[in-house]
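If you want the building blocks of each chain, they are given just below.
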Amino acid sequence: MRARGSPRQPARHDLPGMTTLLHYLPLLGVLVVVAGFALRFNPVPVVVVAGIVSGLAAGKSIGDILALIGTSFVSERALLLFVLTLPAIGVLERAGLREHARNWIASLRSLTFPRLLIAYLGLRQILSMLGLTSVAGQAQTVRPLLAPMAEAAAEKRGAPLSPEERNDVRAFSAATDNIGLFFGEDVFIALGAVLLIQGFYAQHGIELQPLHIALWALPTAIAAFIIHAIRTVLFGRRIARPGPQAARVEQAAD
Amino acid sequence: MLTIEQAYWLIALFLAGTAILNLRGRRWSHAAFWGVLAVLIAGGKFVLAASAAHNALPAQLAGVCVIALAALSPRMTRGNLSERDTAEREADALRLRHKLFGPALLIPLVTLLVALFGAYIVVGGVHLFDPTRMTLTGLALACVAALIAALWVTRARPLAGLSEGRRLLDTLGWAALLPLTLAALGGVFAATGVGTAVADLVRLLIPVNSALACVVAFGLGMVLFTVIMGNAFAAFPVLMAGIGIPLLIHQHGANPAILGALGMVTGYCGTLFTPMAANFNIVPVALLELPNQNDVIRAQWKTGALLLVVNLILMYLLIFRF
Numbered sequence: 007m008r009a010r011g012s013p014r015q016p017a018r019h020d021l022p023g024m025t026t027l028l029h030y031l032p033l034l035g036v037l038v039v040v041a042g043f044a045l046r047f048n049p050v051p052v053v054v055v056a057g058i059v060s061g062l063a064a065g066k067s068i069g070d071i072l073a074l075i076g077t078s079f080v081s082e083r084a085l086l087l088f089v090l091t092l093p094a095i096g097v098l099e100r101a102g103l104r105e106h107a108r109n110w111i112a113s114l115r116s117l118t119f120p121r122l123l124i125a126y127l128g129l130r131q132i133l134s135m136l137g138l139t140s141v142a143g144q145a146q147t148v149r150p151l152l153a154p155m156a157e158a159a160a161e162k163r164g165a166p167l168s169p170e171e172r173n174d175v176r177a178f179s180a181a182t183d184n185i186g187l188f189f190g191e192d193v194f195i196a197l198g199a200v201l202l203i204q205g206f207y208a209q210h211g212i213e214l215q216p217l218h219i220a221l222w223a224l225p226t227a228i229a230a231f232i233i234h235a236i237r238t239v240l241f242g243r244r245i246a247r248p249g250p251q252a253a254r255v256e257q258a259a260d
Numbered sequence: 008m009l010t011i012e013q014a015y016w017l018i019a020l021f022l023a024g025t026a027i028l029n030l031r032g033r034r035w036s037h038a039a040f041w042g043v044l045a046v047l048i049a050g051g052k053f054v055l056a057a058s059a060a061h062n063a064l065p066a067q068l069a070g071v072c073v074i075a076l077a078a079l080s081p082r083m084t085r086g087n088l089s090e091r092d093t094a095e096r097e098a099d100a101l102r103l104r105h106k107l108f109g110p111a112l113l114i115p116l117v118t119l120l121v122a123l124f125g126a127y128i129v130v131g132g133v134h135l136f137d138p139t140r141m142t143l144t145g146l147a148l149a150c151v152a153a154l155i156a157a158l159w160v161t162r163a164r165p166l167a168g169l170s171e172g173r174r175l176l177d178t179l180g181w182a183a184l185l186p187l188t189l190a191a192l193g194g195v196f197a198a199t200g201v202g203t204a205v206a207d208l209v210r211l212l213i214p215v216n217s218a219l220a221c222v223v224a225f226g227l228g229m230v231l232f233t234v235i236m237g238n239a240f241a242a243f244p245v246l247m248a249g250i251g252i253p254l255l256i257h258q259h260g261a262n263p264a265i266l267g268a269l270g271m272v273t274g275y276c277g278t279l280f281t282p283m284a285a286n287f288n289i290v291p292v293a294l295l296e297l298p299n300q301n302d303v304i305r306a307q308w309k310t311g312a313l314l315l316v317v318n319l320i321l322m323y324l325l326i327f328r329f
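If you read the sequences in order, they're chains A and B. For the first sequence, counting from 1, position 209 maps to 215 in my numbering; every step adds exactly one. For the second sequence, counting from 1, position 174 maps to 181 in my numbering; every step adds exactly one.
Bear in mind the hints are in silico, worked out from the structure with no lab data behind them. Do not take every clue at face value.
Mimicking DMTMM-like on lysine to aspartate or glutamate, the simulated pairs with C-alpha atoms at most 25 Å apart in a straight line are [claimed, not checked]:
hint, chain 1, residue 1, chain 2, residue 2
1, B, K309, A, E170
2, B, K52, A, E82
3, B, K309, B, E296
4, A, K162, B, E296
With the rest of the complex left out, here is chain A:
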């Protein structure tokens, strides 16, 4: 851990000419990513090539780059944990889980599309604030439960959803899960964002209480809930009007 007042690195962009160019050369990797995504190449090779380009531009040897990619990859393997939900979800889907979720929501008359999604948003935010981020998620809850429920709630308008509308409802459900997760997690004090902030400041000689940091993320959490709830109501109104023209208007607006 660094102590307060440790000598700062000299600002490298003060150095002239060639050194400056070399300093910015690894940014080529960023360029590869942007170009690759813009040209709609398969993202996995794009990302790996970007890593290699960035490493070569920084003057690393092939061996070093390979080792760097290998260790960074395996040290983040917890990101693959969500696949463990797939066998259970798959077995339940085979026995009609999504169909039942749809039927059940359709039978609850007062549960409209905005109410369902806003309730999920609030619940997801609160659970994340308590540190329970893995409780829900795209694989655990959105695909098997929320998305079919949202579709059923939207179809209470009396007409089935067109394929475009169905996709919009699914995408909106996924978005709601993300927003609930992000803007709840930042308030939780024992993990993740708040500890990262505290740790970073401690390294730079500024001591803060985790609770103090978490408290200041609260206004944003509330703003996120309000903004997305309003957008959910507006989206619900648009989807409540059947017909393909509604979908076209939104696409033109985008």
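Add chain B to chain A, keeping to what the hints say.
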């Protein structure tokens, strides 16, 4: 003791099973893809241990495996994997009704219980759960419990877990791998100085004597860097070291706690815009079988943009006042 390492072995087992099923279906690319990934996940601890002991060879081989996976990714097309007939599923749904929710809800419930009480469970004088990453270990345990319950409720044969899981995993295809690949890229970017280069570039471009300009540059820098890296956690130290601490805190006297909290959530807004945050924005596209890679981003970017404006205003109003 239950540790996260056992969860990784479980993943490797599932991936290997998926590879074998694809091998039997003569889908060679898919089989190779999941097989190589299974080896990487199972060998992860060994690679990290060897690399800590300054033996770079296993890590380099892992790097070669990652490149092989990248080369296989474009061949991971969604084949037409047979799903059970809709009418049969409807019939089962009417028969089993709410019983179907039980196993599905077991996943959040068991995860929750382990997260809350896992630290207190002691068996034979030993803690049942390893405290590091206990919630994730709980998630893995919850998945096993849910699978057993699902098989019991639906009376499916045990191998259905593998074949149905494989159906979903093959639906995900390369999207399942993208979060890990991006994390690897983050490691490379950090090690090659991409972060400091971006921060220096931002500092070259702004008038550092204007507090407002610094706030805007810091906020938009967090967003930009999060969009590039796919992760606000990677952006935070870079922008803080580049702009936050020297300019906002030392020069303009900003409150560190407020700056840190609002800076981080400003970065989170960027996460809503970027395909680089693959586990949030690209994986669900595959999971929900949406036609366009950017469908989820399209649904959420407006919330992110409005929230970004709110955050910048909050930051400017609050950090210099308290």
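Hints and how they fare:
| no. | hint | verdict |
| --- | --- | --- |
| 1 | B:K309 x A:E170 | 19 Å, holds |
| 2 | B:K52 x A:E82 | 11 Å, holds |
| 3 | B:K309 x B:E296 | 22 Å, holds |
| 4 | A:K162 x B:E296 | 23 Å, holds |
Checked against the numbered hints given earlier, the structure satisfies every one of them.
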